[in-house]
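Asker: Construct all of the structure, not just a fragment, from the sequences and the given hints.
Spelled out, the chains give:
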Amino acid sequence: MKIITLTTDFGTSEYTGAVKGVIQSINPEARIVDITHNIQPYNIMQAAYVLYSTLKYFPKGSIHVAVVDPGVGTERKALILETEDYYLVGPDNGIFSLFEYNHAWEIEFKEASPTFHGRDVFAPAAARLSLDMNPEELGREVKNIEKIDIFRIETEARKIKGEVLHIDVFGNIITNIKKEIFSRLGIKTGDRLRIKTLNKSFEVKFLSAYGYAEKGELILLVGSSGLIELSENLGRASEVLNISPGDILEIEAQ
Amino acid sequence: MKIITLTTDFGTSEYTGAVKGVIQSINPEARIVDITHNIQPYNIMQAAYVLYSTLKYFPKGSIHVAVVDPGVGTERKALILETEDYYLVGPDNGIFSLFEYNHAWEIEFKEASPTFHGRDVFAPAAARLSLDMNPEELGREVKNIEKIDIFRIETEARKIKGEVLHIDVFGNIITNIKKEIFSRLGIKTGDRLRIKTLNKSFEVKFLSAYGYAEKGELILLVGSSGLIELSENLGRASEVLNISPGDILEIEAQ
Amino acid sequence: MKIITLTTDFGTSEYTGAVKGVIQSINPEARIVDITHNIQPYNIMQAAYVLYSTLKYFPKGSIHVAVVDPGVGTERKALILETEDYYLVGPDNGIFSLFEYNHAWEIEFKEASPTFHGRDVFAPAAARLSLDMNPEELGREVKNIEKIDIFRIETEARKIKGEVLHIDVFGNIITNIKKEIFSRLGIKTGDRLRIKTLNKSFEVKFLSAYGYAEKGELILLVGSSGLIELSENLGRASEVLNISPGDILEIEAQ
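Protein chains in written order, with the numbering used here: chain H, 1041 to 1294; chain D, 1041 to 1294; chain P, 1041 to 1294.
Calculated from the structure, these hints are not laboratory results.
Mixed in with the good hints, there may be bad ones.
Which copy is meant is left open, because identical chains are indistinguishable; a pair holds if it fits in one copy or across any two.
In silico lysine-lysine, DSSO-like type, Cα no more than 27 Å apart, as pairs [said to hold, decoys possible]:
no.: 1; residue 1: K1201; residue 2: K1183
no.: 2; residue 1: K1240; residue 2: K1187
no.: 3; residue 1: K1100; residue 2: K1042
no.: 4; residue 1: K1100; residue 2: K1201
no.: 5; residue 1: K1201; residue 2: K1218
no.: 6; residue 1: K1096; residue 2: K1042
no.: 7; residue 1: K1150; residue 2: K1245
no.: 8; residue 1: K1228; residue 2: K1201
no.: 9; residue 1: K1183; residue 2: K1199
no.: 10; residue 1: K1117; residue 2: K1228
no.: 11; residue 1: K1187; residue 2: K1255
no.: 12; residue 1: K1255; residue 2: K1117
no.: 13; residue 1: K1100; residue 2: K1245
no.: 14; residue 1: K1236; residue 2: K1199
no.: 15; residue 1: K1150; residue 2: K1199
no.: 16; residue 1: K1245; residue 2: K1201
no.: 17; residue 1: K1219; residue 2: K1150
no.: 18; residue 1: K1150; residue 2: K1218
Answerer: Here you go:
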C-alpha cells in the first residue's frame, strides 16, 4: 500500500476532498495522509520549509504532492521529481527547492481546469505513480527547475542576520538560521542574546525547552527541525512581537 | 474496501472524531475520507453546492455522509438516498437537492442523542451500508424529499442576475451562474463585463486563469466546477468586495 | 489493522503531518484517525474532556495518542496507560484524568527534540504498540499519575454551581454538570431555570433539542456526552454571553 501525502494552501476546504476523490478513484488502495493544508495562501517559501521539515519522517517510496500554486493555469510547468527516497509532485515554482533530485519530468496532460491543477493534474499523476506507473509515461524529462534560496543569512563576528521562514501554530517564530551557526559562534544554553526586529530590540535567553522559561518569557531555542526559533512560553511570540514570515531578525551574542 | 466520505459543519472539532469512531467500530475496514468539515454552520445551500462539486470525483460505490443539520432532534427525516453511483446519507433538509436518486429511505433508529444524529444515526447507517447491508433493513422507503432550487438566475439580453453560492478558501466568489450561460450570451475570454453588487459597480475582464491577471486585479473566470467565479488575483475578492453567500450579483456584457 | 487516534493542540499544522509520518514509517499498516487537533493550546482540561467524550466510540484495541503538552522537554513523564479497552499514550499532566487504568508505564527514550515529543516519543511508542510490542519493552511501570478533578460542582436545594468545560464548534457552552444532577433535583423538560454568570442573570428553558427553540433563543439541554449545555438555537451562545472555558455558572430551578 503506497502513501500519498498532501501539502496545500486549500485550508480545510472541499478542494482537498476533490483531490482525494480523484486519487482514490484511480487507486482505491492508495493511503492518503494530510501533512497540512494550512500553508499561507500562495506562500511558496513557507511550503518549501514545511516539506523540508516534514517529508523525511515518511516511509521510503511515499509520493508527496505539494500544491501552493499562484501560477496555476499559466505556463509554469507541472513537475514530478524523483529523489533518493520519494517522488515529489507539484508546480515548478521553487516549492521543492530544498530537495536534491535525480530526475525531473514535466507532466503532460490534456484537459484540466485552468484553476485547479491540484485536482486535474497533480492528483492523477500521484495516483498513477502509486500504481507503479513510470514517470516516463506521464511526461518528458526536463533538466532545470525553479529554485529559491531559503537559508541565506549574514554573519559577522557574533552577529547573525536571518529571516523569518514560518510562524507555527503556537506562534513560534521559526528563522532560517540553522543550529550549527550557533555552535560555530560558541553560543550555549543559558546565554543571553540581543534580538533586533524592524522596530524592537530586546534580550532573551537561549534555552533547551519552552518549559524552562517563565510564563510569558520570550526565549530562543533550537526548534524541532534544527532551526533557531524565537518563542514565548505559553504564549504567541509572533503576536507579541508582531512578526510575519519574510521579516528580518538580527541576533547578537553578548 | 468501501470509502465513506464526510461533509459537515463540525469544523475540526472532536465531533468528527466521534463519528469516525462509530464508523470504525461497526466496520473497521471502512476507509473514511474527509471532504470538508468547514461548511458554514447551518448553511444547507453551501453544503449542497460542495457535495455537487466534489462527490463526482469519488469512486463508484462510495457512501457519502453529509451533516449540516439545524433541525437535528426535531421531526425532519434522516435519509438514505441511492443514486446511480452512490449512497447519500444525511438529514432531509434540501442538502441533497442537486442529486438525482432512484430510491429514498427514512432511517429508523431507537436511541439517539437529540443533538447528535451525525454520531448516533448517520454514522451507523453509513457504516452498515459499507458492510453491504441493504437500505431496506435500515429504514422504510419514502417518495418525496426536501428540495432547494440553487441554480435559479434571471437573464435578459446581455444581463444576468445570479446569486453567490459559496466563498471558497481563497476568497473566490462562486456564483450560481453556469458557464453555459456565458457561451449562450456570446461572452468570450478577454471581454470586459460590468458587475453590480448591492452597493458597488465596476468593470472586470473575463479571463481563463488567475495568473493572467495583474496582482490585485478583480476578474471573472470559469471556476473549477463550471460556475462563474469572481476573483482577485493573489488576493481575497470576498473581503475586498464585502460579499457573502446569498448576496445578489448582476453581470452585464458591454 | 490497528487504529491509532490523535488528539492534539497542533491545529491543522505540519506538526500533525510529521507525527503521522513517524507512525507510518514504523507501521505502514496502522490506520491513523484524527479526533481533533483543535484543542486550545495548552488546555489540558479541555483535552481531558474531549478524550472522555470521544474515545469510547472507537473499537476495542485502539491506541489513543493525546498531545497537549506545555511541559514538553521538562521532567514530566511520558506515559502509556492500559485501560480495559485501550492504550492511552501522552504526557503525564492530567490529560488522562477521566480514565481508569490497569497499568501505567513511563516511556523511556534516548534522543528526542525537547520541543516535540509528539513526533519523537509518543508517535513511536504508539506505532510500536500497534505492532503488538509489549509496553514493558517501551518503559518501566509506574504507580501514580497526575490527576485533575473535572466534575467538581456545588449543589444546594435547587441550585447548582458548575464550571464551563468546553466551548464546542457551534459555540455551545458545555458545563461539568452531569444530566443525573438535573434528574436528582427533579428538573424536567420544559422547566424554566435561572442562570447566573459572572455579570449576567437570565432565564432559559430546559429543552430536549436545539430545534424546539426559537431562532436566537438561549436554552439549556443535555448535550451529546450527557453533560448540561447552554446553547443558542442557530447562534453562538459563547459569544452572546462572552463565556470561556473555566468560567463559573450558577443554575437555579424556579
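Asker: State for each hint whether it applies.
Answerer: Now for the hints, and whether the structure bears them out:
1. K1201 / K1183: For K1201 and K1183, the Cα distance exceeds 27 Å both inside one copy (33 Å) and across copies (49 Å).
2. K1240 / K1187: neither (32 Å within a copy, 42 Å between copies)
3. K1100 / K1042: Classified as both; 10 Å inside a copy, 21 Å across copies.
4. K1100 / K1201: Classified as neither; 36 Å inside a copy, 53 Å across copies.
5. K1201 / K1218: within (12 Å within a copy, 52 Å between copies)
6. K1096 / K1042: The answer is both: 16 Å in one copy and 23 Å across copies each meet 27 Å.
7. K1150 / K1245: between (56 Å within a copy, 25 Å between copies)
8. K1228 / K1201: within (18 Å within a copy, 51 Å between copies)
9. K1183 / K1199: neither (38 Å within a copy, 49 Å between copies)
10. K1117 / K1228: For K1117 and K1228, only the inter-copy Cα distance (26 Å) is at most 27 Å; the intra-copy one is 45 Å.
11. K1187 / K1255: between (40 Å within a copy, 22 Å between copies)
12. K1255 / K1117: The answer is between: 20 Å across copies meets 27 Å, while 48 Å in one copy does not.
13. K1100 / K1245: Neither way: K1100 and K1245 sit 39 Å apart in one copy and 47 Å across, limit 27 Å.
14. K1236 / K1199: within (11 Å within a copy, 55 Å between copies)
15. K1150 / K1199: For K1150 and K1199, the Cα distance exceeds 27 Å both inside one copy (53 Å) and across copies (33 Å).
16. K1245 / K1201: within (18 Å within a copy, 44 Å between copies)
17. K1219 / K1150: between (46 Å within a copy, 20 Å between copies)
18. K1150 / K1218: Classified as between: cross-chain Cα gap 22 Å, same-chain 43 Å, threshold 27 Å.
In this structure, the earlier hints numbered 1, 2, 4, 9, 13 and 15 are contradicted, and the remaining ones agree with it.
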